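Asker: These protein sequence lines are chains A and B, in that order. My numbering numbers the first residue of the first sequence as 404 and each following residue consecutively. My numbering numbers the first residue of the second sequence as 1359 and each following residue consecutively.
Any given hint could turn out to be false.
Unchecked claim - For each label pair, taking beta carbons as the anchor points, the in silico distance ranges come out as:
| id | chain 1 | residue 1 | chain 2 | residue 2 | range |
| --- | --- | --- | --- | --- | --- |
| 1 | B | GLU1484 | A | LEU666 | 30 to 38 Å |
| 2 | A | LEU666 | B | ARG1370 | 15 to 23 Å |
| 3 | A | ARG502 | B | ASP1387 | 35 to 43 Å |
| 4 | B | ALA1471 | A | VAL662 | 45 to 53 Å |
To be verified - Below are the BS3-like pairs computed for lysine-lysine, each with C-alpha atoms no more than 25 Å apart in a straight line:
| id | chain 1 | residue 1 | chain 2 | residue 2 |
| --- | --- | --- | --- | --- |
| 5 | B | LYS1526 | B | LYS1540 |
| 6 | A | LYS575 | B | LYS1526 |
| 7 | B | LYS1676 | B | LYS1512 |
| 8 | A | LYS508 | A | LYS415 |
| 9 | B | LYS1512 | B | LYS1540 |
| 10 | A | LYS575 | A | LYS590 |
| 11 | A | LYS575 | B | LYS1512 |
| 12 | B | LYS1526 | A | LYS590 |
| 13 | A | LYS590 | B | LYS1472 |
| 14 | B | LYS1472 | A | LYS575 |
| 15 | B | LYS1526 | B | LYS1472 |
| 16 | B | LYS1472 | B | LYS1540 |
| 17 | B | LYS1512 | B | LYS1463 |
Hint data in this document are derived by calculation from the structure and do not stem from the laboratory. If you're wondering where the values come from, they're calculated on a predicted model, not measured in any experiment. Quick reminder that beta carbons are idealized off the backbone N, C-alpha and C, glycines included.
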Amino acid sequence: MSLSNVPVGRRKAAWAFVNTVVVVYALTPVLWIASLSFKTRETMTDGHFVPREWTLAHYADIFRTDAFLRALVNSIGIALIATFIAVVLATMAAYAVARLDFPGKRALIGVSLLIAMFPQISLVTPLFTIERALGLFDTWPGLILPYITFALPLAIYTLSAFFREIPWELEKAAKMDGATPAQAFRKVIAPLAAPGVFTTAILVFIFCWNDFLFAISLTSSEASRTVPAALSFFTGSSQFEDPTGTISAAAVVITVPIVVFVLLFQRRIVAGLTSGAVKG
Amino acid sequence: MAEIILDGVSKRFPDGAQAVSEVHLTVADGEFVILVGPSGCGKSTTLNMVAGLEDITDGELRIDGERMNERAPKDRDIAMVFQSYALYPHMSVRENMAFPLRLAKAPEATVRAKVEDTARVLDLTEHLDRRPAHLSGGQRQRVAMGRAIVRSPKAFLMDEPLSNLDAKLRGQMRTALSRLQKRLGTTTVYVTHDQTEAMTLGDRIVVLQAGHVQQIGPPQHLYERPANLFVAGFIGSPSMNFLPATVQDGALATPIGDLPLTDRVRRLLADADAPRQLIAGVRPEHFEDAALVDEHRRAEGLCYTAVVDVLESLGSEKYAHFPLEGERASSRQLADLAAVTGSADVPAGGPGAALVTRLSADTRAREGAELTVWCDPDRVLLFDPAEGTHLTGER
Chain A
404 MSLSNVPVGR RKAAWAFVNT VVVVYALTPV LWIASLSFKT RETMTDGHFV PREWTLAHYA
464 DIFRTDAFLR ALVNSIGIAL IATFIAVVLA TMAAYAVARL DFPGKRALIG VSLLIAMFPQ
524 ISLVTPLFTI ERALGLFDTW PGLILPYITF ALPLAIYTLS AFFREIPWEL EKAAKMDGAT
584 PAQAFRKVIA PLAAPGVFTT AILVFIFCWN DFLFAISLTS SEASRTVPAA LSFFTGSSQF
644 EDPTGTISAA AVVITVPIVV FVLLFQRRIV AGLTSGAVKG
Chain B
1359 MAEIILDGVS KRFPDGAQAV SEVHLTVADG EFVILVGPSG CGKSTTLNMV AGLEDITDGE
1419 LRIDGERMNE RAPKDRDIAM VFQSYALYPH MSVRENMAFP LRLAKAPEAT VRAKVEDTAR
1479 VLDLTEHLDR RPAHLSGGQR QRVAMGRAIV RSPKAFLMDE PLSNLDAKLR GQMRTALSRL
1539 QKRLGTTTVY VTHDQTEAMT LGDRIVVLQA GHVQQIGPPQ HLYERPANLF VAGFIGSPSM
1599 NFLPATVQDG ALATPIGDLP LTDRVRRLLA DADAPRQLIA GVRPEHFEDA ALVDEHRRAE
1659 GLCYTAVVDV LESLGSEKYA HFPLEGERAS SRQLADLAAV TGSADVPAGG PGAALVTRLS
1719 ADTRAREGAE LTVWCDPDRV LLFDPAEGTH LTGER
């Protein structure tokens, strides 16, 4: 072991410590909620991190209520549709931003950044009025539309960064090899952009899935209420009963799909697929 | 296989920059033509116009007599090798090489046979199922070549295909490339900024500078009879020495001594109505250690004695550098050359700052000691400083 390895080892230890702190800080509330969801009503407030009596009653409860199941269907449907539309639009926009020089390009980027910076709460009241006038209030499109709007800047930014990573010469090479522009995009650019599209899709999906502000403001019934909004309407079996357990169980249920999503696509998110395309 | 004709081809970019002006060039069937010039001279733009990746602003491009200006790259039946190789990273070597054939809807059996044949030629058989990311630079370069060769196109276009390889490998690949082109007999247009590559590979060389063709000709012709100062200085390494020269009393006065003017040269100068102030160009190898030249020849030439500043030995030969004081050869073309080759950025560099001579390895020259070098007057080229044109080109 050479002398230079000592500081490297120490630095690694420091990084490990910092990482542990961050992970513990981020995961403790999640674990706490998970723990609450497994506690019985009587031990709910005992302050123990690990439940002393385990129960699945809260999970059984939420799946028995129609409100939660409806909300789950709404959440999945709305988030998937919004994600799909936003990613398709953003892919085209990002390709143009990364590859083409067109008049108004800077303006387009500026405006999309502006949308991302706009405080959403300031738009809730106008949106509420507009959607009521248009008959969109408390419908799926009434949530999908604003989700697309606010997801697009994020999606365009992420995707154009990915497109910029793909060497332009690959497209030229495809053209020289006899591909039409459509074939070049489908056979060369799209496969290379896939990890970027997946990453973006996950980010957009998480954004739509987690939204509470629009979900609570632009819905009024089970017709379009998503899970985060539905959670706030949870009550116990009587109005004197504390709904902490059911809310925790529901929170765990809606966190699981996101975790599964990320774990599933983690391998595809890993960048570096383009390495080896060009020199060294 | 095909004949490529560039008939007054020009490129002007939308911002008004003129990248290529009026290139007239006929590449014969099976010929290996090199476009050479410093970066930004328009050589890659010219190649891209032949490929169809850039639109042609003016003029006509014909391949086998057919106008190509409006055809998409895929309809021109030419293959291109890129500087970065541009291999598809998500495909194996086999898939990379099969890509053009699959797009052309070749039967699967043909694709397989052709890819395997090409892989054998390029020594890639054992790498066929690997991804480009797992190949070395030289292997990637060969895959890029393979992808071009596999569909037997009318012509190959190569954009600095060897410039990403290290020096030794580049030399080997250069020889292999030359052999391959001879064997396939496919018309090839090759772009490089490296004059050694241009000299060794091409049947003919096209020297470009600022979008203008300076000279077209076989390598040896360009070397011996450069059309102007730019070509003279660009071709050859180390480059030609340029000295201010004045015609005086039937001789040529230069900072290293008076050169006798032969009748031939005198006649040529008279015919060209040349000014009295000229630029003399002498290649380093046209000098020799005077001690190694026999008496008789020594008397015919010019001898120059000075202190050797730097002596570089390459084993087979030695380069002696002499600092030059006083007036330097000056010309717009020389200034351009210094700017594009970067020699103006070298401390105490620039054309005419030093005299470089190539001596036989037997020389006894030492750094810091005086040395007499002899120069062959027959090999001295004379240039017009204003226009840069070569005045002693005719024999």
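Asker: Quick check: which numbered hints come out false for this structure?
Answerer: 2, 6, 7, 8, 12 and 15
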